[in-house]
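Asker: Each chain, written out:
Protein chains: 2
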Amino acid sequence: MNVIGIDLGGTNFAVGLVNETGEILARIEGKTKVQEGPEAVARRLAEAVDRVRGSADVSAVGIGSPGSVDHKRGVVKFSPNFPGWHDFPLADEIKKYTNLEVFVENDANAYALGENTFGVGKGFEHLVCLTLGTGIGGGVITHGVLLRGSTGIGAELGHMNVLPNGPKCGCGSNGCLEALASATAMKKFVLDGYERHTNSSLFRDKNPDQVTPKDIFEHARNGDQFALSIFNTVVEALAVAIGSLVNIFNPQLVILGGGIANAGDFLLNPVLERSRNYVLPTMLGTYQVKLSQLGKDAGILGAASIVIERKAKG
Amino acid sequence: MNVIGIDLGGTNFAVGLVNETGEILARIEGKTKVQEGPEAVARRLAEAVDRVRGSADVSAVGIGSPGSVDHKRGVVKFSPNFPGWHDFPLADEIKKYTNLEVFVENDANAYALGENTFGVGKGFEHLVCLTLGTGIGGGVITHGVLLRGSTGIGAELGHMNVLPNGPKCGCGSNGCLEALASATAMKKFVLDGYERHTNSSLFRDKNPDQVTPKDIFEHARNGDQFALSIFNTVVEALAVAIGSLVNIFNPQLVILGGGIANAGDFLLNPVLERSRNYVLPTMLGTYQVKLSQLGKDAGILGAASIVIERKAKG
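The listed protein sequences derive, respectively, from chains A and B. Numbered per the numbering used here, the first sequence finishes at 333, counting up by one with no gaps. Numbered per the numbering used here, the second sequence finishes at 333, counting up by one with no gaps.
Note that these hints are calculated values from the structure, not bench results. It cannot be assumed that every hint is accurate.
If several chains are the same, the list does not tell them apart, and a pair holds so long as it fits within one copy or across any two.
What the hints assert, rightly or not - DSBU-like cross-link-like pairs, simulated, lysine-lysine; straight-line CA separation at most 35 Å:
#1 K115 to K52
#2 K114 to K187
#3 K187 to K330
#4 K96 to K225
#5 K206 to K91
#6 K96 to K330
#7 K187 to K332
#8 K330 to K207
#9 K114 to K233
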């Protein structure tokens, strides 16, 4: 049976018709237009569901949403990206238009389910996922169960502290993983360090505010010292976090996803190597660290896998 | 029905007959004498089991053991405290002598089960426990399930990194929680700092190598600057760890046990206050931090609760 997965973002959304093996049979993308309010967004999503559905048999809809989600009731409690959404019954609204059963989950949790269902983490019982993007999201599966926590807001791995008295984080704390290894953090390091590194090759063709994480990785690979110093900060923060996460969860696999993970082995290899400094000797050899292979489909497949997880629970 | 709990340590052991409400009806303590080898230790434990059992009805024996335990087979795989123990079938050995069913669990995991069965964490589904002693042990219950991890050595919370490039830890890494907030770490801070703080009241009646964590807390309370600086290091390390653990597990409760937790509210209050600096704003109000109330019974009750946990699983 097919399912529909909705990757709901603050700017864009994507809706996909997904079969049991994780093929995306049809896909629609659009602008979320959060400012029009939750009811209008829900209607827009429902219309997209109807279009990708066509005449296919569909068992249910899964939605990966940013922010705090009551997964039992399908309610978005609040989300920094969705001003004005408070306790919005997203599942019920979509169901009203589509007559389909609808499940909602936090997007980082959905991502972990997606890796567990269709990705490199397929079938693993013990899985730690980090999504490295504008922010850093986390999803954990331990003993085969998604770690939601007591109020449903657990696995905030981007807010593990990896450097006390480190850079300010958007959450108000200092030294969170997200404040050191997210795209936002990398861009901030460029802006903060620009005046001391005007000779950096990063600024040959670009103003400081145009430099992207991709640029930083490229210039680091080419030996630019300023780019390398930022790269090393990112690697070290990830190594500390992964070391602690391995000691905490004793997982079989740690998966790095999100845009920054596109840096590939250039990022993965030193992270893997340096994380060994923070892992207990008894843990060495018990885990792997891999890059996600789901690419731009991760959001839709994660959302689709919500349905599969809920149906499996009966 | 009563159960028997065995708290197996590298130096001492304690065996208790425990009823369903967590009363210890009989207790025997003794020297482990690890150097005599695992078979001799097992026989000594079995004799103690027979003596505390007397004529009471007993359903099974639970053993909390340091080190790496295969809980399914009741085997101690290895333990830093038990040189020469490799894949020792402790459960089978005790069963041979006593004819009782025997379950073995890592001692920090047993501790968490004990808090969940008989302690301040009774009935909680989401619980993080730290035992602050010579080392720092961890036990986690999430969604009602003990976090053992993929190879049974998870929840090593003492080896979360809380200060990269911090003090050397016994595990070989630097800046683990255990290297900053254990009794061993506190004693090391005294020895390392002695020459710069000869006027400290800590050394009025004692040589540096005689100073205990209890002394440090007492002198910190009385305003001694050197003792206070060590105290603040301990508090900050615990605050960072608890902040990250709350963001990761979204628990209802964090429990501090072990000898150092005897410092009471003098330690608990600043830890609680400073951990708020590392907790996501959305997590504030979702968790509590409490001191264990099990005291010296924690080991026996933890071991006894292993039986209760396994029997509940059927």
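Asker: Next, verify each hint and record whether it holds.
Answerer: Structure-based check of all given hints:
Taking the shortest alpha-carbon separations for K115 and K52, only the intra-copy value of 20 Å comes in at or below 35 Å, while the best inter-copy value is 70 Å. In the homo-oligomer, the alpha carbons of K114 and K187 never lie at most 35 Å apart, since the shortest distance is 41 Å inside one protomer and 56 Å across protomers. In this assembly of identical chains, K187 and K330 lie within 35 Å of each other by CA distance neither inside one copy nor across copies; the values are 41 Å within and 48 Å between. Taking identical chains as interchangeable, the C-alpha atoms of K96 and K225 are never at most 35 Å apart, the minima being 40 Å within one chain and 57 Å between chains.
Taking identical chains as interchangeable, the C-alpha atoms of K206 and K91 are never at most 35 Å apart, the minima being 37 Å within one chain and 49 Å between chains. For the homomeric pair K96 and K330, the shortest alpha-carbon distance inside one copy (23 Å) is at most 35 Å, but the shortest distance between copies (38 Å) is not. In this homomeric assembly, K187 and K332 never come within 35 Å of each other (Cα to Cα): the closest approach is 40 Å inside a single copy and 45 Å across copies. For the identical chains of this complex, K330 and K207 are neighbours neither inside a copy (43 Å) nor across copies (54 Å), given an alpha-carbon limit of 35 Å.
For a Cα distance limit of 35 Å, the shortest separation of K114 from K233 qualifies neither inside one copy, at 40 Å, nor across copies, at 61 Å.
Violated hints, listed in ascending order, are 2, 3, 4, 5, 7, 8, 9; each of the other numbered hints is respected by the structure.
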